[in-house]
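Undergrad: Chains as they are written, first to last, in the numbering used here: chain U, 73 to 185; chain H, 3 to 119.
I should point out that these hints are in silico values taken from the structure, not numbers from a laboratory. For glycine and all other residues, C-beta sits at the position ideal for the given N, C-alpha and C. Check each hint, because a few of them may be wrong.
[As the list claims (entries may be wrong)] Reference listing, derived: stretches of chain U covered by chain H, where coverage requires no fewer than 3 residues with Cβ under 8 angstroms from a Cβ of chain H:
#1 110 to 117
#2 169 to 182
[What the hints assert, rightly or not] Pairs of lysine to aspartate or glutamate residues, derived as EDC-like cross-links and limited to a Cα-Cα distance of at most 16 angstroms, are as follows:
#3 H:K66 <-> H:D90
#4 U:K142 <-> U:D158
#5 U:K177 <-> U:D94
#6 U:K177 <-> U:D101
#7 H:K43 <-> U:E98
#8 H:K43 <-> U:E131
Residue strings, one per chain:
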Amino acid sequence: AQKVTQAQTEISVVEKEDVTLDCVYETRDTTYYLFWYKQPPSGELVFLIRRNSFDEQNEISGRYSWNFQKSTSSFNFTITASQVVDSAVYFCAPPYGNNRLAFGKGNQVVVIP
Amino acid sequence: GAVVSQHPSRVICKSGTSVKIECRSLDFQATTMFWYRQFPKQSLMLMATSNEGSKATYEQGVEKDKFLINHASLTLSTLTVTSAHPEDSSFYICSARVIRGGQETQYFGPGTRLLVL
């Protein structure tokens, strides 16, 4: 089975602090997409970011940034200047073959006002 | 992004009945959709890959006769939980695979909460 490790089960931060979520995965694919999704209390999964495995340039999109290192199979995600609306469960989703995604256990982020 | 809808959003049924859940891509066509289930405070577990015009591909341990999947059009996949039992109570989520500008993404529906009494 696909292995995705999101080690931090629950993370609490005070509003405006930065929060970084770690993700380490295993895959047999050589080229692939990686994703981060957010699941607020309503339950719907919201697409956040996508990364191509052949592009290791780290990027910033608004308050989100990510650090992808293919050599160590890590895909870390940072929320800058957190807000209460960022409180949710965040899932890392690497490939699973045949266009499928594997989901980690998720990081519960609690932003305290 | 792309919009994926699910219907119903919530359903309560008696044990032994069958429940059909619809997953629709509203503003795009999806040859591939996926069905997941999620138990409280757990991760998403992929159940099956739904392919338009062909049989679904089920993950190991998922009973295909229990969870019937039909992907009859490019915008609709249905999951039918047959002879539902309390242990089938869960949050069922579908997603649709989208390729735009060479970039691939899965967009998710809002989910269906099933409670079997």
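Undergrad: So, for every hint listed, does it hold in this structure?
TA: Cross-check of the supplied hints:
1. Counting residues of the stretch 110 to 117 of chain U whose beta-carbon sits less than 8 angstroms from any beta-carbon of chain H gives 4, enough to reach three: the coverage restraint holds.
2. Restraint check on the stretch 169 to 182 of chain U versus chain H: 9 residues with Cβ-Cβ distances below 8 angstroms, three needed, restraint holds.
3. Our distance criterion of 16 angstroms between C-alpha atoms is met by K66 (chain H) and D90 (chain H), whose separation comes to about 14 angstroms.
4. Between K142 (chain U) and D158 (chain U) the CA atoms are separated by roughly 27 angstroms; this puts the pair beyond 16 angstroms, and the hint is violated.
5. With a CA separation close to 12 angstroms, the supplied pair K177 (chain U) and D94 (chain U) stays within the 16 angstroms bound.
6. Under the criterion of a C-alpha separation no larger than 16 angstroms, the hint pairing K177 (chain U) with D101 (chain U) is inconsistent with the structure, at around 21 angstroms.
7. The suggested pairing of K43 (chain H) with E98 (chain U) is violated, with an alpha-carbon distance near 23 angstroms, which exceeds 16 angstroms.
8. Distance hint between K43 (chain H) and E131 (chain U) is unfulfilled; the C-alpha atoms sit about 30 angstroms from each other, more than 16 angstroms.
The earlier numbered hints that this structure contradicts are 4, 6, 7 and 8.
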